[in-house]
Each structure stands twice: as structure tokens, then as C-alpha cells.
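Novice: The lines below spell out each chain.
Protein chains: 2
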Amino acid sequence: MQRRIDPTTLFAVILAGGSGTRFWPLSRESCPKQMLQIVGEDTLLRQTVRRIQGFVPSDHIWIVTTAERAEDIRFHVNALEPRVEEIKIITEPAGRNTAAAIGLAATCLHRQCPGSVMMIMPSDHAIPDREKFLGDLELAVQGASDDFLVTFGIRPTRPETGYGYIKIRQSEKSTPLRKVARFLEKPDFPTAKAFLSEGIYFWNSGIFVWKSSKILSEIKSHLPRLYATLQEMDGTETGRSDWSKRYAELEPVSIDRGVLEASQDVWMIPGRFRWSDLGSWAALDEVTEKDPANNILRGNAVDIDSRNSIVFSDKRLVATIGLRDMVVVDTPDATLVVPKERTQDVRKIVDLLKQAGREEHLIHQTVERPWGNYTVLQKGEGYKVKRIVVRPGSRLSLQRHSRRSEHWVVVSGAARITREDEVYLLQRNESTFIPLKAKHRLENSGKEPLHIIEVQSGDYVEEDDIECFDDDYKRV
Amino acid sequence: MQRRIDPTTLFAVILAGGSGTRFWPLSRESCPKQMLQIVGEDTLLRQTVRRIQGFVPSDHIWIVTTAERAEDIRFHVNALEPRVEEIKIITEPAGRNTAAAIGLAATCLHRQCPGSVMMIMPSDHAIPDREKFLGDLELAVQGASDDFLVTFGIRPTRPETGYGYIKIRQSEKSTPLRKVARFLEKPDFPTAKAFLSEGIYFWNSGIFVWKSSKILSEIKSHLPRLYATLQEMDGTETGRSDWSKRYAELEPVSIDRGVLEASQDVWMIPGRFRWSDLGSWAALDEVTEKDPANNILRGNAVDIDSRNSIVFSDKRLVATIGLRDMVVVDTPDATLVVPKERTQDVRKIVDLLKQAGREEHLIHQTVERPWGNYTVLQKGEGYKVKRIVVRPGSRLSLQRHSRRSEHWVVVSGAARITREDEVYLLQRNESTFIPLKAKHRLENSGKEPLHIIEVQSGDYVEEDDIECFDDDYKRV
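Protein chains in written order, with the numbering used here: chain A, 9 to 484; chain B, 9 to 484.
These aren't lab readings, by the way, just hints derived from the structure by calculation. The beta carbon of each residue, even a glycine, is placed where N, CA and C say it ideally should be. It is possible that some hints are incorrect.
Per the computed footprint, the stretches of chain A lying under chain B, defined by three or more beta-carbons under 8 Å from a beta-carbon of chain B, are [unchecked claim]:
(1) 150-161
(2) 224-232
(3) 374-380
Which chain A residues face chain B? A few, computed with CB under 10 Å, are given here [said to hold, decoys possible]:
(4) Ile97
(5) Thr99
(6) Gly103
(7) Asn105
(8) Val295
(9) Asp313
(10) Val319
(11) Val463
Think about it this way: if two alpha-carbon atoms lie no more than 25 Å apart in a straight line, the pair counts; the simulated DSS-like pairs of lysine-lysine are [stated by the list, open to error]:
(12) Lys394(A) - Lys356(A)
(13) Lys348(B) - Lys323(B)
(14) Lys387(A) - Lys187(B)
(15) Lys356(B) - Lys387(A)
(16) Lys455(B) - Lys96(B)
(17) Lys201(A) - Lys228(A)
(18) Lys362(B) - Lys323(A)
(19) Lys356(B) - Lys394(B)
(20) Lys356(B) - Lys298(A)
(21) Lys228(B) - Lys187(B)
(22) Lys445(B) - Lys455(A)
(23) Lys387(A) - Lys362(B)
(24) Lys356(A) - Lys228(B)
(25) Lys387(B) - Lys394(A)
(26) Lys253(A) - Lys228(A)
(27) Lys187(B) - Lys96(B)
(28) Lys387(A) - Lys323(B)
(29) Lys323(A) - Lys387(B)
(30) Lys323(A) - Lys96(B)
(31) Lys387(B) - Lys356(A)
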């Protein structure tokens, strides 16, 4: 029954440009939802990569993200064991919604492999049933080889108003592919209730399979300006910065609205796998194991008598008593308390923080870096205390500060220090001083992680007081 | 109308032995409720002292507390400005409820001033109306001079089941003192409701006024064993440790149950002041100003749409959305989330922590010391990072550690360091190293607070690795 598809033409395209605020305070601008481990044993992005690995080889997995996020995404994915350095990152000049992101990936892919089939999937959804998912994907690839645009619908289990819907035609029942009648925006509650009973409405999962040639020809028809911009990029490296500007000025439009609603060749597969788009904290209920009282308690949580509640903590203690349908999320610098039915409003908190010029929506107290990470332990008038962790074999950039000096104490591991013309080693329980304006570099010279306590002292102790001279990671 | 009382016989006795767990995580074993600033501009104990200062001179204010807590209480009260060093601390060998504590104070007081009148008050209640309170106290003192045992009742405003009640006789209406018919334990809800409508039931405030001679003679009649134990203490300093043991073995009984219920001379004044015993987080509602949505939001709280809720935070951000009748309390190492109607169960969380051998119920992350305070910023394998704040003119003990060395960086102020035979000064942005087993001392040599970042390094970094050689505060 199955025609064989040439596996060398099969590519996974993972969309990882999102900047979700709805999982604040666990998500931050510098650490969006796809980089969080909120469900399962790994982050959502890495789970997405693992899910598709084996179905296609690693060098057929492409990740599309924005220039701003590309470096973080690369280091994040490369921390996968076994390491998958071959994964290609496609960089958008700026995030312009899914039509542009998919168009960009299709253009690059088509250039590399004109007969390619793209399996497009979000990086931040939960799909606990890998085997069922890959089985359905197999069917979709068959459909794509017939030049169909194949989407995945999820059979609704409740009158959900937070998803878009796909309506299928009622007739064709003999094939796993169902002809799509239309796409529908998020409905109101009575409409969603009606959808639930009728049996021809499905949740739009945002997973698509098609040939790169097919989607490009559809984009050409329905989004000619996007198509023209993509064509310009193709091959004109010299004009690239100019092209970036034009890309960034594209009208943001989703592939559903911009192309699929207008196309005549759209089919849907009813997905047999469990799925959640994890649109809010409350969505964890759909895909996470619960305790007998229907709670999800994670980390250092002590609870008495709560029910149907979600408590996410880390090292700090979170004690809860008698909660009903509540969400409590604790991070080192911020705590959120919200009823499940209000979790969509978390973004309003993020907006308030933005307006107030605060930092809690931007970064975590622990900031990941290619060489390791740092945690701000305390900031006071004229000083800042950090714990710095450097991975074995890694080093920070050669740098200089004009308004602060630094005291370093090694509390674990071994360091090689460069300070102006000196280079010297520091063992555990040894310290050194980096004077104002001294060029310096910190390197892990051992085989274990290096832990340093850094005390900065000066009239200005912000991150932007830094002059870089040499960096292993080519950061600006 | 008023007889003059000899003011030299008037003493305030503040009961400060409590170890309340119901305000966890703000209260800890080392920081009980009376030492918290949960209402008003100062801690409850210091508010209690200020309330009575002026009514009696400072050296007529006695505080009764346990040996365990006495040092902390002394430093806590002495931080009052203007300093009130004269306040006397009466130390119980162990907390044995109010009959013993009041008996002990009465015995000491009677020895010093046989005609003395004691005004006994808890250290952890809220009384926002000082003038009204002092006016009522004046009346009570008149009654005490007639050898009455005078109590204060509060007219109920709701069917409260968390308080004891005083029932008065209906007849006498011509005097502000009302004859007490009986004392009643905490009632059930229907009973409390009946009390509310009848008009002769009052909340028992735990505030009492009487002569020391009178209460001792009542104790002699109704609690002969307590009386005998108190008499033994009186004058037999040599047998003191033996006496301490006997005191600690006394049956704990309240003054209400042990003496007042049995006595024929008990009168009550209906207090005209606002009052709360602050029995739980929910009790804050009675004595705290609220915002238009009936919330009490303190510290770094960002809220959207909450009502009737209490949010206590400090520096860390607490974000809340759409809460109803909830309490959220955030401290550097622990967060509590509980509906108001369950706040009585906070003690169960403390019990769980005790059973689990944890620390979050014992101490705060910032620990107050006579010389200032320290905060543990981070504890890791083989190291600990602290911020140490030393008050001007103060110094830590001369000490030695056998399993850790210490790195100190001055981030603010100026330090005088003793290290073995050396004594040297350290300015801001200077550091020093205290090797394992070196005798050392840290002193604030300037006029501003001294802030030090300390990095401890060693195989064991707990507080009990310390050998003290000299201490300004005579601590063991």
C-alpha cells in the first residue's frame, strides 16, 4: 500500500522563533518556552529534536529561529547527548510569524534539495506518544509526495476556546487523509461546544508536511510579496543586510491564514497521538502525570490538602495548604500565584514588568552562556556577587571593565587566569584580584566544572560595562 | 473622682516568651511573632514597649521571656531609639504558660516593691489606639488599687471561635468595672453566634492589672505548687540550677484557667480600643489598612484583579492574578500560599518541616546578631557565601575555625582585622584571607555599616565549627 519515499529528500523543520511569555516566571525573554523543561525529562525543543531523530538523520533536522535567539538555540541543542552538531540553524533577521519562517526554510531547502519534503513542527508543543506520532507522520509524507499540503488535526476532547480549528469535509472516509473544508480562528465557548459534538472539527496542531516546491508555489500565488523577498535573498549574499531589512519589514502572517485558507490542496490527518500546545500553565494538566489529589507538584514543594493544583518550585521551599485549581510557580527571583482559569493573563504581568522597566521578564537569575553560566547571588550599592560556573575546556572572552574591579575565589575546580601580561593557575580556596581596567580572562584549566565566587566592586556593576578583545564564541 | 495612684508603684510586665509558628514563614523559631513587623511601623514587641512608655518610666517596664530567647529579646528591644537600656528582662528557665510567667514576675516585683501594681500585657498583640488603651488602663489601675483582679474584655464584632470569652454579670452598670461571672474556652460556631447577640460576652484580651501582692496570694490559694516553687527561688540563689529544673517541670497552665476562673475578685473593663491577638495571617484584616479591592499588599508585589487577599513579600517579586481570600507570604528561603480560611493550619506545615529535619522553620536566611547580621547567599559543596553586616563600633568574637578558611572582601565601610598576631585595616574593594585554624576577629572601624562578602571554603562549613576566645556580648 505504501509507496517508498526517498529518505534523502525528507527534512524536519522545527520552528523555534517563539518568545512565549505565558510560562513566566519560568520563561523569560532570554529563555522562551521551547527551552524549558516543563513536561517530561528534557526541554521542549530538545524533546522535539529527539522525537524526530531516527526518523530522519540529524543533518536533516533544521531549526528556524531569529538572529537574536540563534546563538542560544545552537548551544542549547548542542548540549544534547549524543551531541548533534550537524543540526542546521536557519536564521531569520527578525520573527515575522510562520508564513515567513516556513517560506525562508523552504527556499533554503529547495536550493539544497529541489525534491525535498518538509515536515514542519513547532518546537514548544508536548507530544508524549512518539511512536503514534511517527506513524501518522509517515502517512503525511505519503500525502505530501502527491503534492498535497498535509496538516494534522487533533480530535477535540473539550470545548477549547484557545485553539484554532480545522473543519473537514464529511464525505471521504476511505483514506487516512481528509479533505479540509476551512480553517477557523479561536471560537467563542458556544461555538467550541458545537464543534465538539459535530465530529468534523479538529484542533489545528500547527504540524504540516509538504514538498518545499509545493509550498513555494503556493506562497508565490497567495503571498507574492513574501515570495519576492525570499527570492531576493536567494543567491544575493552581497545585498544581505539590505535584504534583512526588507525581511524584517514583512507583514507578519501565519501560514494558516496566509496560504492554507486560500489553497485548494489542503488535507488533514486526524492525529492519533496525545498533544498539547502548552498554551498556558493550565495546559500542563493535559500531558502531565498527577498525584491522587490531581496535583502536579514539582521541586521543593510541601503541600497539605491541595487539589487540582500545579506547584512548580526549584530549590526554595514552597508550602501550600488547601489550594483548589491554583497554579504556583517559584523561581529564584520571582513567584507567580494564579488560579488556573486566569493563566492566560500571565502575559499581562509580563507587560506590567516591561512598562515598569524591570528585569524579571528578561532574564533568569542564572544566565546560560556558551562557556557555562552565572548566577547573581546579590546586588548591592556598589557591588555585585556572582557564582560563575565554567565548563571544562571553556573560557570566557578576554575582556576589560572600566568601572569595576573583581575579586575571584575558586571554590571548586581549577582556573587559569590571564591578567594583563601574567598567566597563572588558581586552585580551590585560592583567590585573585582583577583591578579596574586590567585586561583579563577566566578559563577552566581542569577536567571538572570550575566554580568561582566573584565579588564585583565599583560605582557601576552592570553587564554592559565590558570591552571584549577575543572570544571563542565570536560574540559581539 | 480618681484617687491618685503612687506612680512609683506602677509596673508594666510584658509577656514575650511565645514562639508562635502561625506566622511562618515570616516567624521562625529564632524569630517569633513578637519580633515581627507585621502591623504598623515597628515590631509588635517594640510597639508594645512604646505604647506603655510615658505611662510608666522605662525602668518600670519588665519583659518576661525564656532563657533561650532572652539574649535576642534584649538586643531587639535595645535597638529602640531612643535606646531603653534600663528595661529589665526576667528570665524563665523554660516557658510554662502564663500562670508561671506572671507568678515569676510578681515574685521579683513584690521583692523589689511590695506595694507594686502590675499591668500585664502580651508582647504580640495589635492595639492601634494608644490613647484609648491608656485611658482604659488608667481605670484598671484604679480597680487594682482596690485589690481587684482586673481583666480587659473586647466587645465581639463577629462570632469568633478562635478566642476565649469572658462572661460578665448583667447587673452592675454604674461603674466602668464589670463583675466577671466566668471565663469560657474557645466556643463552637453556634455558641459564638449566641454570645455575639447576648451582649454580656467579651473576648478575653489577655491584658490584666493587679497588685503583685494580690496575685501572689491568689496563686498561693489556687496553684500552691507554683507558689511553693516561686518561693524557693526567692532568695536561694545557691540552689538556682536545681530551682530552674523544678520550674521547668511545672505543669503549664494559663493564669485564666489556673487562677482567674477560681477567684472571687475578678472584674472586667470593656476595652474601648481596637485590638487583635493576631492569631493567624487572616487576623491582619482586623487591624491593617486595605486597598480599594480589600487587599493588603506589601513589599515587591505586582497584582492584577485580586480581592480580599494578603500578599507579603520582601525584595523578591511576587506576582498575583485574580486571587480571592488568599494569603501569599514570601521570604528569601520559603513561600507560603494558603486560603485565609486555612491559615490556622500553617502550624501543620511547621510540624512537617520539623519532622523532615529541615531548617526553614528554625532560622531566617538573614540571622540577626548583637553586632549586626549575616545572610547566607549560597551554600554549595565545600563552600558557603555570606554577606556580613557589622554595625559601627561593633565587632564579632575573637574566633577560630578548624575546618574552613575564609576569604573576605569589603564592599562597603571599613574593617579592622585581627589575624593571629597581626592587626590591619581593610577599605572598600580590599580583601583578605583567614587561613584554617587562624585566630581572627572582624570589627567595624568606621562610622558607617561595614558590609563584607565572605566566601568560606572547607570540607565542613556549618555554624558550629567555631571556637570563641573573647566576645563583647558574653555569648557561650
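Novice: Each hint needs a verdict: does it hold in this structure or not?
Specialist: Here's how the hints hold up against the structure:
no.	hint	verdict
1	150-161	violated (count 0)
2	224-232	violated (count 0)
3	374-380	violated (count 0)
4	Ile97	33 Å, violated
5	Thr99	33 Å, violated
6	Gly103	25 Å, violated
7	Asn105	27 Å, violated
8	Val295	23 Å, violated
9	Asp313	8 Å, holds
10	Val319	8 Å, holds
11	Val463	4 Å, holds
12	Lys394(A) - Lys356(A)	30 Å, violated
13	Lys348(B) - Lys323(B)	23 Å, holds
14	Lys387(A) - Lys187(B)	60 Å, violated
15	Lys356(B) - Lys387(A)	35 Å, violated
16	Lys455(B) - Lys96(B)	29 Å, violated
17	Lys201(A) - Lys228(A)	37 Å, violated
18	Lys362(B) - Lys323(A)	18 Å, holds
19	Lys356(B) - Lys394(B)	31 Å, violated
20	Lys356(B) - Lys298(A)	23 Å, holds
21	Lys228(B) - Lys187(B)	22 Å, holds
22	Lys445(B) - Lys455(A)	30 Å, violated
23	Lys387(A) - Lys362(B)	32 Å, violated
24	Lys356(A) - Lys228(B)	66 Å, violated
25	Lys387(B) - Lys394(A)	13 Å, holds
26	Lys253(A) - Lys228(A)	20 Å, holds
27	Lys187(B) - Lys96(B)	33 Å, violated
28	Lys387(A) - Lys323(B)	11 Å, holds
29	Lys323(A) - Lys387(B)	12 Å, holds
30	Lys323(A) - Lys96(B)	42 Å, violated
31	Lys387(B) - Lys356(A)	35 Å, violated
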